[in-house]
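Protein chains in written order, with the working numbering: chain A, 1 to 119; chain B, 120 to 285.
Computed beta-carbon distance windows for the label pairs:
| id | chain 1 | residue 1 | chain 2 | residue 2 | range |
| --- | --- | --- | --- | --- | --- |
| 1 | B | A138 | A | T109 | 37 to 47 Å |
| 2 | B | E135 | A | Q75 | 44 to 54 Å |
| 3 | B | G192 | A | G48 | 42 to 52 Å |
| 4 | B | D190 | A | D25 | 24 to 34 Å |
None of these hints come from the bench; they were simulated from the model. Backbone N, C-alpha and C define an ideal beta-carbon position, used for all residues, glycine too.
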Amino acid sequence: MNLTAETIRDCAETTQNCLVIRAGDPRIDAAVAIRFKDRMRELTEGAGGRVVLDLGQVEFIDSSGLGAIVGAMKQLPEGVTLELAALMPNVDRVFRLTRMDTVFTIHPTAPAGQRDRAC
Amino acid sequence: MPTLDPGPGGQAVRGEAPALVLRAEAMAVRDALARVIDQLRGQGLGVEELGSVELVLAEALNNIVEHAYGDMGGEIQLWWTLGPRGLQVRIADHGAAMPDGKAPLTFGQCAVDHAAIVPEGGFGWFLITGLAHNIVYRRESGINILTFRVIVGDAALPPGRGDSLL
Numbered sequence: 001m002n003l004t005a006e007t008i009r010d011c012a013e014t015t016q017n018c019l020v021i022r023a024g025d026p027r028i029d030a031a032v033a034i035r036f037k038d039r040m041r042e043l044t045e046g047a048g049g050r051v052v053l054d055l056g057q058v059e060f061i062d063s064s065g066l067g068a069i070v071g072a073m074k075q076l077p078e079g080v081t082l083e084l085a086a087l088m089p090n091v092d093r094v095f096r097l098t099r100m101d102t103v104f105t106i107h108p109t110a111p112a113g114q115r116d117r118a119c
Numbered sequence: 120m121p122t123l124d125p126g127p128g129g130q131a132v133r134g135e136a137p138a139l140v141l142r143a144e145a146m147a148v149r150d151a152l153a154r155v156i157d158q159l160r161g162q163g164l165g166v167e168e169l170g171s172v173e174l175v176l177a178e179a180l181n182n183i184v185e186h187a188y189g190d191m192g193g194e195i196q197l198w199w200t201l202g203p204r205g206l207q208v209r210i211a212d213h214g215a216a217m218p219d220g221k222a223p224l225t226f227g228q229c230a231v232d233h234a235a236i237v238p239e240g241g242f243g244w245f246l247i248t249g250l251a252h253n254i255v256y257r258r259e260s261g262i263n264i265l266t267f268r269v270i271v272g273d274a275a276l277p278p279g280r281g282d283s284l285l
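Isolated chain A, as found in the complex (with noise of 0.2 Å):
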C-alpha cells in the first residue's frame, strides 16, 4: 500500500501543522484494506491537529476500503481528526452512499505548494 506523508505548514490555522498523507495506489479495496490501515496507524502516530488523506490518486474504494479509511480515523491519537481531499467520482460516490460523507470533512482539493510560502 503506497502512503506517503508530508507536514505542510497550515495557512488556514497558523497554530498547528498539517499532516498530508497521499494514497498512491488506484486501488483500496478488500485486497489491500488492512494493510492501509496499518500504515495509516504508522504514519499518524504522534500527529496533533489535523490529517488529510488526499485521495486525488484513488479510482476505486469498495466497502472494505471503505471501512479501513473510518478504521483509520477512529486509531487517531485523541484530539486529531481525520479530514479526506480530492475524490474522484466513483469514490465520492461511495461516501454519499453510505452517509459518510456527513462523517468526513471533505475538500475539493488536497493542501498543498504552502510549505515555501510565507503565511
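Could you slot chain B onto chain A? The hints should help.
Same frame as chain A, now just chain B:
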C-alpha cells in the same frame, strides 16, 4: 476448467457456461473485475456506469470471499448479460449459506449521524441494495445463487423505461 455442479434442474446455470470462474481470493476478485469492466467498456458503457457495476460486483464477490468461504477458499462462478433491461448478473458459489437463508436486504447499519458510532463494516450490502435491482438470493443443492440487475446502457437512457422496484 473446473465447474460447480449446478445441481438437479440445472437452474444455477440454465445450460450456459459461466462467463468467468474465479478463485475466492481478494486478488482474484480484482482480476475478475478488471476483465468484466474491460469487456463492458467495449460495449459502450460510460465511466459512471462502469463505476456502479464494478462496485456492486466487488461487494457481491467480496462477500463470498469473506463470508461464504472465509478461510476455506473455493470457486465462484459469474455470468452476466448486457441487454435492453440493463446488466443481468448471476453469481454462484459453494460456500456457506447466508445467515437465515436470506440476503440482508433490509437493515440500517449505515444510517449513522455521529462519528463515535460509525461502523467499520456492514457497508457492503448497503451498497449492493443502493446500486442493484431485482436482487434475489437462493440456496439450491448446496449452492448459493445471487442474481441482480444493474440499470446501465440502453436501460438507463429513456426516463421511466426499464426501471423497477427492488
